[in-house]
Amino acid sequence: MQTMDLTNHFKKALFIPQMKATTKAEALEELLDLFVNEKLVKNKYIVLDMLNQRETLGSTGIGSGIAIPHGRTTATADVIIAFGRSQKGIDFDAIDHQPVHLFFMVIAHPNEQGNVYLPVLGSLVTILKDSHNREKLNTITTFEELVSVFHGE
Amino acid sequence: MGHKDLDSLVSLQDLDLMIEEAEDVEKLGFSITGCSELKVARKELSEKISKPLLYRYERLRGKLKRAIVPVKNDICLGCFLRQPTSIGAQGREGNDIFTCENCGRMLYWLD
Ligand SMILES: [Zn+2]
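Sequence order for the protein chains is Z and C. So the first sequence is numbered by the numbering used here: it starts at 1 and just counts up by one. So the second sequence is numbered by the numbering used here: it starts at 1 and just counts up by one.
Derived by calculation from the structure, the hints in this document are not laboratory data. Incorrect hints may appear among the rest.
Straight-line distance between alpha carbons at most 30 Å, and here's what the computed DSSO-like set of lysine-lysine pairs gives [unchecked claim]:
no. : chain 1 : residue 1 : chain 2 : residue 2
1   : Z       : Lys136    : Z       : Lys88
2   : C       : Lys72     : Z       : Lys39
3   : C       : Lys63     : Z       : Lys44
4   : Z       : Lys44     : C       : Lys65
5   : C       : Lys72     : Z       : Lys24
6   : C       : Lys65     : Z       : Lys39
7   : C       : Lys39     : C       : Lys65
8   : Z       : Lys136    : Z       : Lys11
9   : C       : Lys39     : Z       : Lys39
What follows is a set of in silico ranges between Cβ atoms, one per label pair, in the way DEER data are often shown [stated by the list, open to error]:
no. : chain 1 : residue 1 : chain 2 : residue 2 : range
10  : C       : Arg92     : Z       : Pro110    : 38 to 48 Å
11  : C       : Glu44     : Z       : Ser131    : 39 to 49 Å
12  : Z       : Gln2      : C       : Asn95     : 49 to 59 Å
13  : C       : Cys79     : Z       : Ala77     : 15 to 25 Å
14  : C       : Asp74     : Z       : His109    : 18 to 28 Å
15  : C       : Cys79     : Z       : Thr142    : 40 to 50 Å
16  : Z       : Ile46     : C       : Ser36     : 24 to 34 Å
17  : C       : Asn95     : Z       : Asp96     : 20 to 30 Å
The following residues of chain Z were derived to be distant from chain C, with all beta-carbon distances above 10 Å [stated by the list, open to error]:
no. : residue
18  : Thr56
19  : His70
20  : Lys88
21  : Gln98
22  : Glu144
23  : His151
For glycine and all other residues, C-beta sits at the position ideal for the given N, C-alpha and C.
Looking at chain C on its own, in the form it has when it is part of the complex (with noise of 0.2 Å):
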């Protein structure tokens, strides 16, 4: 099914991503107040993810908008290059996040 902190981490970049759109419409005059809120959530959910996966996000979100993107029939959804089949069959396995070797962003499985 894959990595046990898959879902957190998946969760997290969603979070992110809100958090980062509410903070640029905060600037074009709209009115945000549930922000704190969501930073809350944030905070709850990393500390369910591993310190060594968490840090390896933070450090990808620094360089690029998505850190952490889905493969699809072999073809990672961040570059749309091929992924080795190799890869895929370890990755569903679960035991570690891979990172497309094009992009460097960490991958998950739809399929």
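Extracted from the complex, chain Z is given alone in its bound form (with noise of 0.2 Å):
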């Protein structure tokens, strides 16, 4: 599958190389709350409603270490991309029920221009079904080293 170039929607202050956070509602909440601190998003809780009531509907911890929390809210007003790490891993009920490493949350507004939400979200879920993107994502250090990885092709 094509997979379409990302770095727009990612932002250098939604970024936790280390995630403190060691429970899947406290996941949710540390890479929502990036958002909020850059006011990207307007109600907090009116979003961490959306994000739980996602979740079930089925995890969004789609295996191999990944999860990619996502949903549509008016709080916010394009398509974002949050990304955070937590080394020691994260039960976030994965299909696979293996622990979460790598965090993706998404977050768009209901009638973003240019319809690209479910494409972000298709092209993620391909970038990161490549183990070998994944092994980057686990040791990069920087922003810039981030982004790298999803300039697609």
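Please dock the two separately framed chains into a single complex, following the hints provided.
Given below as structure tokens:
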């Protein structure tokens, strides 16, 4: 599958190389707080509810140590991705029951310009299925290195 | 306050959008296990809505992503066209659900 260039959807302030969270609930909140601190999300608790509701439909822990919690909310303006990493790994009810190390939180406006939300999610899944990319993401230390994995092809 | 089926109709649309999106992300490789519960909830909710209204809604949903949209400051938030003030007064009364003359969506008033 063709992947799109995701670099414009990442932001330097939305990058945690070492997450503090140890539970699924803490992980969702820690990632969401990045959006809140950058004023990219207006109402934290509405979005947290939405993310939790989405998890009840099926865990966004897609296996191989990856989780992509996502959802739409009018509390934001665009399609934005936060990245967080946990060295220890977090139990996220992933489909393969393995702890999650790499988190990508994707928040989108219901009527975002250009309809890129689903293509963004699809590209993330495709890129992260590549074990070579996952290895890189486990070792990167800077935002620039992170973004370089998502240039698309 | 508005038509008696209004809340059910808006909730039905929320559910429909949620189901649609769940099916979309499932195609991308996410695991969706809770969709059948949503569909049960949808069925129960749809049975509370009068048949002609449900039919109107479903016909519109076949053509538009959002069949029912709010009006704020006399503006239809589906197509952003100004609505005649007279419709607003009748719409708020709640004897019927009005449609936007421009885009055809069903309307409800936020204010
Ligand atoms: Zn309209």
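So, going through the hints one by one against the coordinates:
Simply put, Lys136 of chain Z and Lys88 of chain Z have alpha-carbon atoms about 17 Å apart, close enough for the 30 Å limit, and the pair holds. At most 30 Å may separate the alpha-carbon atoms for a hinted pair to count; Lys72 of chain C and Lys39 of chain Z meet this at roughly 25 Å. Note on Lys63 of chain C and Lys44 of chain Z: the hinted pairing is violated, with a Cα-Cα distance of about 33 Å set against a maximum of 30 Å. Under the criterion of a C-alpha separation no larger than 30 Å, the hint pairing Lys44 of chain Z with Lys65 of chain C is consistent with the structure, at around 26 Å.
Restraint check for Lys72 of chain C and Lys24 of chain Z: the C-alpha separation of about 38 Å exceeds 30 Å, so the hint is violated. A C-alpha spacing of about 29 Å is found between Lys65 of chain C and Lys39 of chain Z, which places the hinted pair at or below 30 Å, so the restraint holds. Note on Lys39 of chain C and Lys65 of chain C: the hinted pairing holds, with a Cα-Cα distance of about 18 Å set against a maximum of 30 Å. Simply put, Lys136 of chain Z and Lys11 of chain Z have alpha-carbon atoms about 18 Å apart, close enough for the 30 Å limit, and the pair holds.
Between Lys39 of chain C and Lys39 of chain Z, the direct Cα distance comes to roughly 35 Å. Violation of the 30 Å bound is thereby established for this hinted pair. Roughly 25 Å separates the CB atoms of Arg92 of chain C and Pro110 of chain Z, a value that falls outside the hinted 38 to 48 Å. A C-beta distance of roughly 44 Å is found between Glu44 of chain C and Ser131 of chain Z, which places it inside the suggested range of 39 to 49 Å. For Gln2 of chain Z and Asn95 of chain C, the hinted distance range of 49 to 59 Å is satisfied, since their beta carbons lie about 52 Å from each other.
In this structure the supplied range 15 to 25 Å holds for Cys79 of chain C paired with Ala77 of chain Z, their Cβ-Cβ distance being about 20 Å. The given range of 18 to 28 Å is respected by Asp74 of chain C and His109 of chain Z, whose C-beta atoms sit roughly 24 Å from each other. Between Cys79 of chain C and Thr142 of chain Z the Cβ separation comes to about 45 Å, which falls inside the hinted range of 40 to 50 Å. Between Ile46 of chain Z and Ser36 of chain C the beta carbon distance is about 26 Å. The supplied range of 24 to 34 Å therefore holds.
For Asn95 of chain C and Asp96 of chain Z, the Cβ-Cβ distance of about 55 Å falls outside the hinted range of 20 to 30 Å, so the restraint is violated. At roughly 6 Å from the closest C-beta of chain C, the C-beta of Thr56 of chain Z falls inside 10 Å, breaking its exclusion from the interface. With a minimum CB-CB distance of about 7 Å to chain C, His70 of chain Z fails to clear the 10 Å threshold, and the non-interface call is violated. Distance check for Lys88 of chain Z against chain C: the nearest CB is about 24 Å away, which clears 10 Å, and the non-interface claim stands.
Residue-level check passed: Gln98 of chain Z sits 14 Å from the nearest beta carbon of chain C, beyond 10 Å. Taking the minimum C-beta to C-beta distance to chain C, about 27 Å, the non-interface status of Glu144 of chain Z holds against the 10 Å cut. With a least beta-carbon separation of about 20 Å from chain C, His151 of chain Z lies farther than 10 Å from that chain, consistent with its non-interface assignment.
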